[in-house]
Amino acid sequence: MAEVILENICKTYGNNFRAIDQLNLSVEDGEFLILVGPSGCGKSTALRMIAGLEDITSGSLRIGGVDVVDMPPKDRDIAMVFQSYALYPHMTVSENIAFSMRLAGKPKAERKKRVDEIAKTLQLTSLLDSKPANLSGGQRQRVAMGRAMVREPAAFLMDEPLSNLDAKLRVQMRAEITSLQKQLGVTTIYVTHDQIEAMTMGDRVAVLKGGVLQQVDTPKRLYESPVNAFVAGFIGSPSMNLFEATLMGDELMSGSFAIRLQDAAFVRRPGLRSYAGRKIVFGIRPEDLYDSSLESGRKYQTIPAKVTSIEELGSEHIVHLNIDAVRVDSGDPDAVDDFGLASNAVARFEPVSAVHSGSEIRLAVDDAKFHFFDPETHLAI
Amino acid sequence: MTRQKRSHHRLKRAVAPYLYLSPSLLIIGLLMLLPMVTVIGYSFQNSAVLRRDPTFAGLKHYQAIFADPVFWASLWHTLYFTCMSVVFHMTIGMVFALMLNSDRINPTLRNILRVLYILPWLFTAVIIAVIWRLLLEPNGVVNSVLMQMGIIGSKVEWFSSPATALHAVTFANIWAGYPLFMVSLLAGLQGIPRDFYEAADIDGAKAYQKLIFITIPQLMPIIISISLLDFIWTMQVFPLIWITTGGGPIYSTEVLSTYTYKLAFSSYNLSQASASAVVILLISLGLTLLYIRYQKAR
Numbered sequence: 001m002a003e004v005i006l007e008n009i010c011k012t013y014g015n016n017f018r019a020i021d022q023l024n025l026s027v028e029d030g031e032f033l034i035l036v037g038p039s040g041c042g043k044s045t046a047l048r049m050i051a052g053l054e055d056i057t058s059g060s061l062r063i064g065g066v067d068v069v070d071m072p073p074k075d076r077d078i079a080m081v082f083q084s085y086a087l088y089p090h091m092t093v094s095e096n097i098a099f100s101m102r103l104a105g106k107p108k109a110e111r112k113k114r115v116d117e118i119a120k121t122l123q124l125t126s127l128l129d130s131k132p133a134n135l136s137g138g139q140r141q142r143v144a145m146g147r148a149m150v151r152e153p154a155a156f157l158m159d160e161p162l163s164n165l166d167a168k169l170r171v172q173m174r175a176e177i178t179s180l181q182k183q184l185g186v187t188t189i190y191v192t193h194d195q196i197e198a199m200t201m202g203d204r205v206a207v208l209k210g211g212v213l214q215q216v217d218t219p220k221r222l223y224e225s226p227v228n229a230f231v232a233g234f235i236g237s238p239s240m241n242l243f244e245a246t247l248m249g250d251e252l253m254s255g256s257f258a259i260r261l262q263d264a265a266f267v268r269r270p271g272l273r274s275y276a277g278r279k280i281v282f283g284i285r286p287e288d289l290y291d292s293s294l295e296s297g298r299k300y301q302t303i304p305a306k307v308t309s310i311e312e313l314g315s316e317h318i319v320h321l322n323i324d325a326v327r328v329d330s331g332d333p334d335a336v337d338d339f340g341l342a343s344n345a346v347a348r349f350e351p352v353s354a355v356h357s358g359s360e361i362r363l364a365v366d367d368a369k370f371h372f373f374d375p376e377t378h379l380a381i
Numbered sequence: 001m002t003r004q005k006r007s008h009h010r011l012k013r014a015v016a017p018y019l020y021l022s023p024s025l026l027i028i029g030l031l032m033l034l035p036m037v038t039v040i041g042y043s044f045q046n047s048a049v050l051r052r053d054p055t056f057a058g059l060k061h062y063q064a065i066f067a068d069p070v071f072w073a074s075l076w077h078t079l080y081f082t083c084m085s086v087v088f089h090m091t092i093g094m095v096f097a098l099m100l101n102s103d104r105i106n107p108t109l110r111n112i113l114r115v116l117y118i119l120p121w122l123f124t125a126v127i128i129a130v131i132w133r134l135l136l137e138p139n140g141v142v143n144s145v146l147m148q149m150g151i152i153g154s155k156v157e158w159f160s161s162p163a164t165a166l167h168a169v170t171f172a173n174i175w176a177g178y179p180l181f182m183v184s185l186l187a188g189l190q191g192i193p194r195d196f197y198e199a200a201d202i203d204g205a206k207a208y209q210k211l212i213f214i215t216i217p218q219l220m221p222i223i224i225s226i227s228l229l230d231f232i233w234t235m236q237v238f239p240l241i242w243i244t245t246g247g248g249p250i251y252s253t254e255v256l257s258t259y260t261y262k263l264a265f266s267s268y269n270l271s272q273a274s275a276s277a278v279v280i281l282l283i284s285l286g287l288t289l290l291y292i293r294y295q296k297a298r
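Listed in order, the protein sequences are those of chains A and B.
Number 337 in our numbering belongs to position 337 of the first sequence; there are no gaps in the numbering.
Number 252 in our numbering belongs to position 252 of the second sequence; there are no gaps in the numbering.
Since the hints were derived computationally from the structure, they do not count as laboratory data.
One thing to keep in mind: the hints can contain errors.
Stated by the list, open to error - Here are some, though not all, of the chain B residues that point toward chain A, as calculated from beta-carbon distances under 10 Å:
#, residue
1, SER144
2, ASP195
3, GLU198
4, PRO217
5, GLN218
All residues carry an ideal CB built from backbone N, CA and C; glycine is no exception.
Only chain B is shown next, with the shape it has when bound in the complex:
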């Protein structure tokens, strides 16, 4: 092989991987990077989108949203909504996965429970929102059952009262999201060698010690990965809150996504909406970097 042919061959080998990657890179660039960069650009402009010749605004819109108490309320609600959702998704997912993995439950019953427990996953966010609006209505099933059981004395307006609305939407989101944890943890549980538990039985481990010393450490990679992903996804939840409460009453369920949406499509303040979107982007980016770092470390 001549030197020219050899260098041509080397060039082809170097370029080939990028050629294979180019279609996906092009799609990601057009559908994700371009809008992202555009929104970042809007957040530094006055009257973005609305005017043909927007002027540079510097950090004005960021200052405006940071000075807005509704933004801070939204941020707090987002954190509450997200943290509670992730913690309960994990706890409920773990309890149900342990139940479904247990030999003590009859196999037929286990299969029925498996289907029942996974049901919330089959519904779209809109359907879940409608179901819970109906159930949590003042004249709905939940109030009726709780009153009959004597837990509440009078009808509670779950979604309409500022005291309960955030808890109610969080509850609906917890109900909708635990199956992901359940399925992932169940797969993890089934991969833990039986020998580990038998060795622990011989060593005298009680059930809770087996859970603490074997099950949870063995599931830890799954728990961390899914928790980080759930955190990222839950922070961006929009339709469930929008359809159940619309962010109200009196901003009591306002989260960053509804806050941003209202800025953009109710107030038509697209520049400030962009600044708010960039804040969401930065938080999500931080969590994503954590996730990537964790995956690399593994």
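The shape of chain A in the complex, shown without the other chains:
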């Protein structure tokens, strides 16, 4: 077990494309860190650089206090779980798990003992003689974990290991990997583009965009205090609604509506006053927007909105709306999918809500949950 420290890591390809720019990250001993970001953000490249499968253009990488930049993958004391699992189809489960020990010339009896221990932990004992082709997706995933565990590495590296599983199995394996990591206490760096995995599995989450680290924090703090509009939009599903507005006194003016901000908003963000009379970006999460007909007791301010479509999920309704405000793009390519062509906002209503597609409604807004960003830099205020 060891800490993994990345200092000013850069990766530039031959065509001068910079995949990773000045990445600084410190993963503590035994920590479960998630690297998350949209497609092409450089998260897999970063992981592969830690593994030694990609050269590091510049910067320093230390695993367990040892500078490993010039070390081949085998000497870095890491184990990796691949997205495809990379199980050898011609070998049995047992042979796959024991492969690294076989390469190291460990005696057969020692290999068998270790494989049996791991198989017991991962509930693979009855499958040891099977070939990967005869296993289910979840079982293959566990074998891949077993192959990583057999080496007793200083750190686990996992590259989207759940992306090939169906939704139900993914939920189950999420929990299994998390509890296994806690049980083993091995430093783990886990790459995913799925922000639900990011929020539920890791001790801390590092959000990357365009090869640049945006924020590293606990899932709760990422959700509550995103450092910029990109992180705000990326973390949370559906994404945070971001709109342009003008701050006039203590009122946010946007299109045909105005929302009065409470004093607490200015106390919490002293910089907000400096935006008086200027454009500002405000964000509100779908779960902080309500059907006003159900919220009369809470005295939220309301704004007019038109319902464009509803997704009834049973436990909640995802309501696509159109409000009179200019939507701001967070820069997250995946967030665009949350909005239809005719809508610019998404709300999460309780299933008892009776709104229907096409209806004009009053949307209750919990203004205490507003997030504010600079319109130019998109940095949080």
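Here the structure of chain A is known, so what remains is to put chain B in place on it, guided by the hints.
Leaving out everything else, chain B in the frame of chain A:
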């Protein structure tokens, strides 16, 4: 639908596949099965083809060829020629395929090598035979180069000496046949997921361990299929040997195909030639059954 209509419909459904197959079955029957059965018939007749009323000979012609030392020499030469060809086709094909698949070779050079390595495949057997006859002539390029390098002291008559002729024709056949393996193995190599090698790198595999534990097992289905096919085809090679050595000198390159040809068209002993052809057929059939069994098992 009435019962009559239903049974008519069922009959049509049952017959339809055979109707679709009938043109190809007819062609195979006329061009392959009929000659095969006829040759088997000839092998049991006296003076087959030559006489209008051939008599039944039983196993006489089989006994005659099995008693002929040239037949056994031919069988041994065929096995040597075939085994060496298949082994070297596979080895050279594998080495070249690994080279062409390697990231360490410059892509432009790789494309040039790809064209160069595949060249032997473009030539017909006759051209290959002529090329190697010219190259391996006593006054040819090969002797000249080997003498200049000091490997041989005097000119070697590669195709004319009983000591070297079989090795020389085998060498020419190896040169002519490796591209099939190379192309097939290259396609196989390109289909092996990169993750396998990366996982092995992390596990500490050396280059030779990756070859033994990943590459070869992954290519095994291709290696077995192509080796069996190559074995079947190489056993029947005729033009290359006929044009380079004609089976000589002193039967030293006589293989079953040239032996059979000579029986038929030099000695006009078509009955014995048929018996020899049936022996080739049986060996090929055995290998083909092996191939089919392997394909089914997969």
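Against the structure, the hints:
Given hint, SER144(B) at the interface with chain A, is violated; its Cβ is 46 Å from that chain's nearest Cβ, farther than 10 Å. The beta carbon of ASP195(B) comes within 4 Å of a beta carbon in chain A, closer than 10 Å, and the hint placing it at the interface holds. Of the supplied interface hints, the one on GLU198(B) holds, with its beta-carbon coming within about 5 Å of a beta-carbon of chain A, less than 10 Å. Using the Cβ-Cβ criterion of 10 Å, the hint placing PRO217(B) at the interface with chain A is satisfied: the shortest such distance is roughly 4 Å.
Taken as an interface hint, GLN218(B) checks out: its beta carbon lies about 7 Å from the nearest beta carbon of chain A, inside 10 Å.
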